[in-house]
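Novice: Using the sequences and the hints, build the whole thing.
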Amino acid sequence: MGRYVYDFAEGNKDQKDLLGGKGANLAEMTRLGLPVPPGFTITTEACRAYLADGREPDSLAEEIDRHLALLEQTMGRTLGDPDDPLLVSVRSGAKFSMPGMMDTVLNIGLNDRSVEGLVRQSGGNERFAWDSYRRLLSMFGETVLGVHKDAFEDEIDRLKAERGAASDLDLTADDLRELTRAYERTIREHTGRDFPQEPREQLALAVRAVFDSWNTERATIYRRRERIPTDLGTAVNVGTMVFGNGGMDSGTGVAFTRDPATGAQGVYGDYLQNAQGEDVVAGIRNTVPLHDLKTIDKACFDQLMDIMATLEHHYRDLCDIEFTIEHGKLWMLQTRVGKRTAQAAFRIAVELVDEGLIDMDEALQRVTGAQLATLMFPQFNSEHERHLLGRGMNASPGAAVGKAVFDSTTAAEWAARGEDVILVRRETNPDDLKGMVAATGILTSRGGKTSHAAVVARGMGRTCVCGAESLDVDVKARRFTTSDGTVVSEGDVISINGTTGEVWQGEVPVMASHVVRHFEGDTSTEDATVRAVARVMDHADKRRRLGVHANADTPDDAARARRFGAQGIGLCRTEHMFLGDRRELVEHFIVAETREEHDAALDALLPLQRKDFLGIFEAMDGLPVTVRLIDPPLHEFLPDMTDLAVLVAHEDDAGKADSKHHKMLEAVKRLHEQNPMLGLRGVRLGIAMPGLFAMQTRAILEAAAERITAGGDPRPEIMVPLVATAEEFELVRAEIEKVAAEVTEEAGFEVPYAVGTMIELPRAVLAADSIAKTAQFFSFGTNDLTQMTWGFSRDDVESSFFSAYLDKGIFPVSPFETLDRDGVGALVRYAVEKGRGVRPDLHLGVCGEHGGDPESIHFFDEVGLDYVSCSPFRVPVARLEAGRASAG
Numbered sequence: 002m003g004r005y006v007y008d009f010a011e012g013n014k015d016q017k018d019l020l021g022g023k024g025a026n027l028a029e030m031t032r033l034g035l036p037v038p039p040g041f042t043i044t045t046e047a048c049r050a051y052l053a054d055g056r057e058p059d060s061l062a063e064e065i066d067r068h069l070a071l072l073e074q075t076m077g078r079t080l081g082d083p084d085d086p087l088l089v090s091v092r093s094g095a096k097f098s099m100p101g102m103m104d105t106v107l108n109i110g111l112n113d114r115s116v117e118g119l120v121r122q123s124g125g126n127e128r129f130a131w132d133s134y135r136r137l138l139s140m141f142g143e144t145v146l147g148v149h150k151d152a153f154e155d156e157i158d159r160l161k162a163e164r165g166a167a168s169d170l171d172l173t174a175d176d177l178r179e180l181t182r183a184y185e186r187t188i189r190e191h192t193g194r195d196f197p198q199e200p201r202e203q204l205a206l207a208v209r210a211v212f213d214s215w216n217t218e219r220a221t222i223y224r225r226r227e228r229i230p231t232d233l234g235t236a237v238n239v240g241t242m243v244f245g246n247g248g249m250d251s252g253t254g255v256a257f258t259r260d261p262a263t264g265a266q267g268v269y270g271d272y273l274q275n276a277q278g279e280d281v282v283a284g285i286r287n288t289v290p291l292h293d294l295k296t297i298d299k300a301c302f303d304q305l306m307d308i309m310a311t312l313e314h315h316y317r318d319l320c321d322i323e324f325t326i327e328h329g330k331l332w333m334l335q336t337r338v339g340k341r342t343a344q345a346a347f348r349i350a351v352e353l354v355d356e357g358l359i360d361m362d363e364a365l366q367r368v369t370g371a372q373l374a375t376l377m378f379p380q381f382n383s384e385h386e387r388h389l390l391g392r393g394m395n396a397s398p399g400a401a402v403g404k405a406v407f408d409s410t411t412a413a414e415w416a417a418r419g420e421d422v423i424l425v426r427r428e429t430n431p432d433d434l435k436g437m438v439a440a441t442g443i444l445t446s447r448g449g450k451t452s453h454a455a456v457v458a459r460g461m462g463r464t465c466v467c468g469a470e471s472l473d474v475d476v477k478a479r480r481f482t483t484s485d486g487t488v489v490s491e492g493d494v495i496s497i498n499g500t501t502g503e504v505w506q507g508e509v510p511v512m513a514s515h516v517v518r519h520f521e522g523d524t525s526t527e528d529a530t531v532r533a534v535a536r537v538m539d540h541a542d543k544r545r546r547l548g549v550h551a552n553a554d555t556p557d558d559a560a561r562a563r564r565f566g567a568q569g570i571g572l573c574r575t576e577h578m579f580l581g582d583r584r585e586l587v588e589h590f591i592v593a594e595t596r597e598e599h600d601a602a603l604d605a606l607l608p609l610q611r612k613d614f615l616g617i618f619e620a621m622d623g624l625p626v627t628v629r630l631i632d633p634p635l636h637e638f639l640p641d642m643t644d645l646a647v648l649v650a651h652e653d654d655a656g657k658a659d660s661k662h663h664k665m666l667e668a669v670k671r672l673h674e675q676n677p678m679l680g681l682r683g684v685r686l687g688i689a690m691p692g693l694f695a696m697q698t699r700a701i702l703e704a705a706a707e708r709i710t711a712g713g714d715p716r717p718e719i720m721v722p723l724v725a726t727a728e729e730f731e732l733v734r735a736e737i738e739k740v741a742a743e744v745t746e747e748a749g750f751e752v753p754y755a756v757g758t759m760i761e762l763p764r765a766v767l768a769a770d771s772i773a774k775t776a777q778f779f780s781f782g783t784n785d786l787t788q789m790t791w792g793f794s795r796d797d798v799e800s801s802f803f804s805a806y807l808d809k810g811i812f813p814v815s816p817f818e819t820l821d822r823d824g825v826g827a828l829v830r831y832a833v834e835k836g837r838g839v840r841p842d843l844h845l846g847v848c849g850e851h852g853g854d855p856e857s858i859h860f861f862d863e864v865g866l867d868y869v870s871c872s873p874f875r876v877p878v879a880r881l882e883a884g885r886a887s888a889g
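The opening residue of the sequence shown carries number 2 in the numbering used here; numbering runs sequentially from there.
Honestly, the hints are just simulated from the structure, not real lab data.
Do not take every clue at face value.
Claimed, not checked - Heads up, simulated DSSO-like pairs for lysine-lysine below, C-alpha to C-alpha not over 27 angstroms straight-line:
#1 404 with 435
#2 299 with 330
#3 774 with 835
#4 809 with 435
#5 477 with 435
To be verified - Derived DEER-like restraints, expressed as beta-carbon distance ranges:
#6 232 with 67: 24 to 30 angstroms
#7 532 with 842: 37 to 43 angstroms
#8 418 with 600: 45 to 51 angstroms
#9 216 with 32: 54 to 60 angstroms
Small disclaimer: the values here were computed from a predicted structure and weren't measured.
Glycine included, each C-beta is placed from N, C-alpha and C at the ideal position.
Specialist: See below:
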């Protein structure tokens, strides 16, 4: 029988697996001697046992009773005592922070008798006691008994309207007593039972509800998005209640040791007088800035500043802190390493280095490629004429444009059909998560930088403006009204700036971010964030082992990739060069009936291809350029068979038959395949269509010769796609070598080149050792390798059943987005070992979409590839993650 309960004084910050993040950090603050209300933690092991068996472990109730008795002894009070009650909070706390996703219940121990004891305990403060009781009823009713929160909100709204009260602070003790009775009736009407008066039953039910909240829809969605394992479970923290709602000398707040939006040092957070903690994060009442506490209660403010400094130095990071002041005494309720925006992450990392708290390797681990990608998103063009609708708090930076929607269901539905939407709410709550994930931005009229909307948006990298008080949001009417009378209805386009807090009417154009401009060589707009990114990137480049190449098909793309730090081109797709005005030449090649027509079409294509390669070699001078010979089926370059058949039928009916169209239709029918992705493509084209690969090889090598003559340093690598056997590859390689010998003789000097293949078929993986005998390099085409391994047609499955697979947890993430380590990854590892076993100097890279995915890059580093290749825009992300992989 394991142990399931630990006192706060027994743990430390390194026990998050057992005590959860909140419990471990409460234990750490207790160990540091900070003012933490006494309590105990029920472990994640207890939660896992409960979820597995459908009931609590046999010994849990006894352990809770024993620790509760010790807590009562420490406090000199008994849970729910009618004369002098001990009250406790019950809070969730998983290993990884999941803000607002799971449940909390405050004021456990209050009932119809102990509320009078709380009046006496508080010196006759009836309003405080009944305020605490009505809070318990609403939180317990919603969290434990399943009553929808609207039922309670309707009651308090009705009472405020009857009393002419602007907020709950304007309600008297008698009003709150009446509200409490109304809440009791609400619970009875919705559940068929009375609110439990027995304090120990309240505690047991609340603990069970927190366990159950691990598997709520919102928690499941959040874990899936953040890739948090589903089997961790949550701890439950039972702590002595301290009260911020006891009067204006009390209050509650959330503080950050640095600005979580920008990373700047200073005093950041929100404070709310005469309130309990949930009021702050729920955004129900608008808070005051934390620095106002200095005027309200200087002693507590000064003590809080000292504690914040202690915690930041102890954790060596930005800390997020929840606190309560009870009649002038400061209590620490929680700390954790705080969520932050991408902008703040980079700035904080380098500033902590400058302060001597961490080194650059640690700074590199504090940021991610996903955060860098966020910083590379476009920003609003400040020169564009705009109509300002309002201004709120800059909760999470970025530029978001979309149609205003006023509920999460609509947001998800509209986003699913391809619409960009901005979710507009008075304040968000955990039930809004689905809409927050779907939206491009979030706008609320209530709440501050520590509200639910702000914290969750920052964690997701979603643009967010909070507390735009001048906007009157009417969710039921699906519109909001500004202070100047402008009405924005659902479906109207708005633009929100999460960096400045501004909200504009209509679509505001965007421009390149300062970080992108830095990568492009523009230093005119550099700021603290850009300088921080530059320092981290410089260190990543020094630490990384993996090279980073780019997928680029044009000179412009190649030049941009080089500016972004690419060390070569890992994939140049030649089929893109056959489109546009060259399509007719390709058609001539396909429908050619004689050898002369066939050769004439190739001869016409040759100089055009040569010119393409010349520009790319010039842009990437001195760096390798891996050119993939034509890969897709030829039918992709021909007209649609149905359209062509209709055209021919019309011409025949009109007696104007065109032999060209008839020939084309015959060619399309001849090339038609039921599943072209598994048909005549890649190396099979080169073998079945004589001269095609030879023409491309000649264009590549003649362009290289021309660059050498001009004083350049081209480094072409010719890649044969879709190889399955060594025999296929050797046949094509012999043709390439024959053309290379001819070009060398014509040029009068040797033109350097390498020949390799793509590994994108499972059979190629199994034959990697025999293929490597003649191939100088492998490049893993993980897009096709994923399709072939899973038996998925990407274009079809992503729009059909993938969403169901993701919802049901079959995939934690699409295998086309992040490499499937167990399946496709195992094939990559096998091919690496087999290939290098035959040819130790075999050069290995990857050019599928996974080459730019942060998590996949770590795998490629682990298995020993030489480089990854990705789109030009992802090159900085790949450089950063390659550095993190080496430094980690």
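Novice: Given the hint of 24 to 30 angstroms, is the C-beta distance from residue 232 to residue 67 inside that range or not?
Specialist: 28 angstroms, holds
Novice: Please check whether residue 418 and residue 600 have a Cβ separation lying inside 45 to 51 angstroms.
Specialist: Given range 45 to 51 angstroms: holds, Cβ gap about 50 angstroms.
Novice: Quick one: are residue 532 and residue 842 within 37 to 43 angstroms, going by C-beta?
Specialist: The hinted range 37 to 43 angstroms holds for residue 532 and residue 842, with Cβ atoms some 40 angstroms apart.
Novice: Tell me if the straight-line CA distance from residue 299 to residue 330 falls inside 27 angstroms.
Specialist: Cα-Cα ~12 angstroms, so holds.
Novice: Sort out whether residue 435 lies within 27 angstroms of residue 477, counting only the CA atoms.
Specialist: The hint holds at about 19 angstroms.
Novice: Would the hint linking residue 774 and residue 835 be met if the CA-CA limit is 27 angstroms?
Specialist: 11 angstroms, holds
Novice: May I ask you to test the hint 54 to 60 angstroms on the CB atoms belonging to residue 216 and residue 32?
Specialist: About 32 angstroms separates the Cβ atoms of residue 216 and residue 32, which means 54 to 60 angstroms is violated.
Novice: For the pair we were handed, residue 404 and residue 435, check the Cα-Cα distance against 27 angstroms.
Specialist: Holds. Residue 404 to residue 435 sits at ~17 angstroms (cutoff 27 angstroms).
Novice: Check whether the Cα positions of residue 809 and residue 435 lie no farther apart than 27 angstroms.
Specialist: Measuring from Cα to Cα gives roughly 15 angstroms; hence the hint holds.
Hint check: a violation occurs at hint 9 only; the rest are consistent with the structure.
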